[in-house]
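Colleague: Hey, can you work out the whole structure from these sequences and the hints?
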Amino acid sequence: MSTVEQPHAEQFTSREQQSFAGTFGMWVFIASELLFFGPLLFGYLYLRVHYPEASAAASRHTDYLLGTANTAVLLTSSFLMALAGHAAESGKRPRAMRMLWAVAALGLVFLVLKGWEYHKDFQEHLFPGPHFRPEQDGRLQQLPGMQLFFILYFVLTGLHAVHLTIGILVCLAMAWRLRRPPPVGVSADAIEYAGLYWHFVDVVWIFLYPLLYLVGRAGG
Amino acid sequence: MERHTRIRPLVLTWLALLALLAISAGTSWLQLGWINTAIGLAVATVKVVLVGLVFMRLRMSHPLLRLTALAGLTTLALLFILSGADYATRSAVQAPWQHPSTVAPRLGR
Amino acid sequence: MTRPQSDLSLIEEEDTRPGRSYLSEGWTLGSWLGTRDHKRIALLYAVSITLFFFLGGIAAALIRLELATPQGDLVSADTYNKLFTAHGVIMVWLFLIPSIPSVLGNFLMPMMIGARDLAFPRLNLASWYLYILGGAIVLWALLAGGVDTGWTFYTPFSTMFSNSHVVLALSGVLVVGFSSILTGLNFIVTVHTMRAPGMGWFRLPLFVWANYATSLILVLATPVLAMTLVLVAVERLFQVGIFDPALGGDPLLFQHLFWFYSHPAVYIMVLPAMGVASEIIPCFARRPVFGYRFMAYAILAIGVIGFLVWGHHMFVSGQSVYAGMVFSLLSFMVAVPSAIKVFNWTATLYKGRISFSAPMLYALGFVGLFTIGGLTGLFLAALALDVHLSDTYFVVAHFHYIMVGGSVMAYLGGIHFWWPKITGRMYSEAWGRLAAVVIFAGFNLTFFPQYLLGYAGMPRRYHSYPEEFQLLHVLSSAGAVTLAIGYLLPLGYLAWSLRYGRPAPPNPWQATGLEWQAASPPPIHNFAQPPVVARGPYAYHTD
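Chains as they are written, first to last, in numbering that gives the first Met the number 0: chain A, 0 to 219; chain B, 0 to 108; chain C, 0 to 542.
It should be emphasised that the hints constitute simulated quantities derived from the structure, not laboratory data. Heads up, a few of these hints could be off.
Partial list, computed: chain A residues near chain C (C-beta under 7 Å) [to be verified]: (1) Ala20; (2) Ser31; (3) Pro93; (4) Gly128; (5) Leu142; (6) Gln146; (7) Ile150.
Facing chain B, from chain C, some residues (calculated, C-beta under 8 Å) [unchecked claim]: (8) His191; (9) Leu219; (10) His255; (11) Ser261; (12) Phe293; (13) Tyr296; (14) Leu299; (15) Leu307; (16) Gly310; (17) Val315; (18) Gly317; (19) Val320; (20) Tyr321; (21) Ala322; (22) Ser327.
SDA-like mimics (lysine to any residue), calculated; alpha carbons at most 25 Å apart, straight line [as the list claims (entries may be wrong)]: (23) A:Lys119 with C:Leu236; (24) A:Lys91 with B:Gly25; (25) A:Lys91 with B:Ile6; (26) A:Lys113 with C:Phe237.
For every residue, glycine included, the Cβ atom is placed at its ideal position computed from N, Cα and C.
Modeller: Shown next as structure tokens:
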């Protein structure tokens with residue numbers, strides 16, 4: 000542990016105060032994000048409770064393999080992000096940088112898979128609107144509530160993808176700036192905050208996965 | 000040496016997360032009715048707790064941070080519980096000013 | 000090295016040079032638009048919200064002008080809808096919600112806790128830019144033709160039938176919402192982590208407690224609004240949504256989500272006002288606030304219980320009767336901490352040496368008018384009464400008593416109280432008192448008749464009405480003219496004081512509180528060293 004006082008921003012009285020304030024601030028932000036996704040989850044609860052068969056029928060149209068693979072991708076990216084934070088704390092900046100590149104790469108993999116999945120959804124006429132036509136064995140499915148499910152599916156995954164994209168950009172920016180030493184380059188604190196954000200985005204997906212992909216998988 | 004012990008929990012957590020994913024993904028193909036949903040949500044909850052405690056370091060952090068997470072969850076729970084109370088009792092007693100389209104959805108249909 | 004709290008040598012040595020303060024640190028536009036100083040950001044907000052206040056006031060003037068005659072003869076029904084929507088959207092999101100927190104809170108919070116700035120100064124500036132961006136988008140929506148849904152954007156009208164610029168207006172509100180979330184985040188982190196040595200939670204001024212509780216609501220409730228507005232926009236843009244009954248959705252789902260935010264939002268608007276009153280009343284009664292701990296707990300209780308009562312906006316909307324009963328009961332409970340505060344402000348006056356300065360007039364007016372508004376809230380919380388009173392002018396009168404009679408008066412009181420600190424000038428006390436009295440009279444003339452109108456059945460959001468209501472409407476419109484004059488007066492004498500007012504000493508009111516230990520106006524970093532706090536707040540005489 001260094002005995003030299005690390006520099007801190009002028010509004011704080013110590014580096015320790017600044018670090019804690021930053022971590023606390025990120026957690027407050029995460030709490031607000033939870034309340035941002037929350038209403039959608041309540042809408043989902045309303046849907047599931049009022050239209051259980053339609054929810055199951057709609058969920059069977061989602062791509063199980065892509066969804067499961069994407070979940071594994073995100074869980075792994077969270078692991079690598081935790082490693083990045085650990086490396087940064089230990090002063091191993093090159094390793095932290097490599098981990099951040101890897102996290103960003105996995106995030107991009109997720110987006111590519113998601114994009115492919117959206118493409119398939121469009122082709123199967125699952126996008127809500129006048130062209131919504133879920134089909135099973137060539138016949139149109141008429142269950143009311145299926146379109147509601149897909150409205151929530153696209154809004155939830157779309158918002159998640161936006162948050163993920165922001166996270167990827169942050170990781171890329173940090174990895175780039177890690178090439179230079181502190182105080183010009185980014186600090187371990189900043190990587191910790193980015194990590195918290197990334198883990199939160201992962202947490203959202205952890206809940207979305209069973210809610211969107213695993214309803215009634217075994218059949219009606 | 001200290002760093003060794005600090006990477007291990009991360010690796011173990013990751014493996015646990017993947018195992019939990021396999022459980023929820025696998026059991027979804029068994030016809031268990033409402034238990035499928037229960038398993039899915041239970042697994043998701045355990046995953047979130049693991050990510051929160053280990054990756055996000057809540058287990059070793061200042062209590063204020065845990066309180067913050069709890070505050071967010073509690074507020075969300077209030078939304079669910081009180082709004083849910085409306086939906087759960089919507090058809091129980093009809094009031095003259097209730098429009099059919101806001102009463103019609105019945106639970107469990 | 001510690002310094003006693005009352006030692007004026009907390010002022011930096013360099014500031015004994017005349018003219019050195021946060022105001023003199025740079026005269027260029029860039030030094031203002033790129034500032035990180037919480038005091039300058041507070042002034043940026045002050046100017047912006049004043050502009051929006053008068054814009055919303057013009058909408059109100061047109062409304063009251065139309066309502067002076069029974070026929071809808073000044074504007075068409077459509078235009079009238081756009082006027083009250085503009086009035087509501089501007090006054091709620093672009094004036095009231097930012098007013099006390101972003102102006103007085105920004106300026107004073109760091110000083111009151113003995114800090115040099117907020118925790119995240121750049122985020123603070125970003126909050127202001129987001130506010131300006133959101134305000135500009137709302138203005139764009141108005142100039143493009145306006146919105147006619149009411150500030151409440153109820154579905155299915157807003158999603159399916161309105162032909163006005165709903166998505167544009169929603170976007171503006173969304174952006175302003177993010178501004179307030181970031182301000183709340185900044186305040187919460189600051190109060191938890193940056194209090195000066197010795198400044199324990201129960202030595203904090205109640206203004207800090209009030210803004211802290213407000214910030215909790217800002218952070219936890221505003222995101223719900225953001226998502227709700229996104230869903231309305233989605234439904235409008237894609238022609239399908241979860242509020243559409245034809246698809247199996249529920250219009251009431253919108254109302255649950257909207258009011259889950261918008262009820263706590265009214266506490267965002269009133270809690271800081273309570274904080275201001277708690278600073279002014281002890282000072283001008285020369286007494287410590289009565290029951291400090293209960294006042295602090297009551298603030299927290301209002302914040303918490305305020306999250307549990309939103310269904311009282313939905314009693315006659317089709318919500319279940321049982322849920323209505325639960326929300327009614329909870330709404331009665333939320334009045335208890337507010338009542339405790341009113342009793343304690345009153346008890347603070349006991350055996351005091353009361354001086355009726357302009358801030359005190361505003362603060363006392365706040366207590367009285369807030370009480371009336373709060374009591375009428377209880378009338379509305381009673382289910383059976385609400386069936387009769389819902390969507391009438393009774394509701395309009397109720398919330399204006401709280402928002403205008405309460406929050407706006409407290410905001411003006413705070414502006415006057417801290418004017419010497421912020422600007423380094425004294426305003427004219429005679430004009431200040433005159434304006435306070437004119438505002439009080441004008442306010443009551445405007446809004447008390449509206450209780451009677453509402454009880455008699457006058458519906459809200461109607462631009463024409465039966466002849467028998469005209470007398471009360473004319474009284475209300477006359478009151479509005481008086482109120483407008485009252486609001487214009489401070490613009491005049493406060494601006495005048497900036498140039499010709501007497502230079503203010505550090506503590507013109509002999510008030511307690513760390514902000515009064517710094518110079519008027521303060522130096523850029525507030526204090527030379529973090530002050531060490533050894534006493535509680537409100538150390539006025541206690542015999």
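Colleague: Each hint should be assessed against the structure and marked as holding or not.
Modeller: A quick look at each hint next to the structure:
| no. | hint | in the structure |
| --- | --- | --- |
| 1 | Ala20 | holds (4 Å) |
| 2 | Ser31 | holds (5 Å) |
| 3 | Pro93 | violated (29 Å) |
| 4 | Gly128 | holds (6 Å) |
| 5 | Leu142 | violated (10 Å) |
| 6 | Gln146 | holds (5 Å) |
| 7 | Ile150 | holds (6 Å) |
| 8 | His191 | holds (7 Å) |
| 9 | Leu219 | holds (5 Å) |
| 10 | His255 | holds (4 Å) |
| 11 | Ser261 | violated (13 Å) |
| 12 | Phe293 | violated (23 Å) |
| 13 | Tyr296 | violated (17 Å) |
| 14 | Leu299 | violated (12 Å) |
| 15 | Leu307 | holds (6 Å) |
| 16 | Gly310 | holds (7 Å) |
| 17 | Val315 | holds (5 Å) |
| 18 | Gly317 | holds (4 Å) |
| 19 | Val320 | holds (4 Å) |
| 20 | Tyr321 | holds (4 Å) |
| 21 | Ala322 | holds (4 Å) |
| 22 | Ser327 | violated (13 Å) |
| 23 | A:Lys119 with C:Leu236 | holds (22 Å) |
| 24 | A:Lys91 with B:Gly25 | violated (39 Å) |
| 25 | A:Lys91 with B:Ile6 | holds (14 Å) |
| 26 | A:Lys113 with C:Phe237 | holds (21 Å) |
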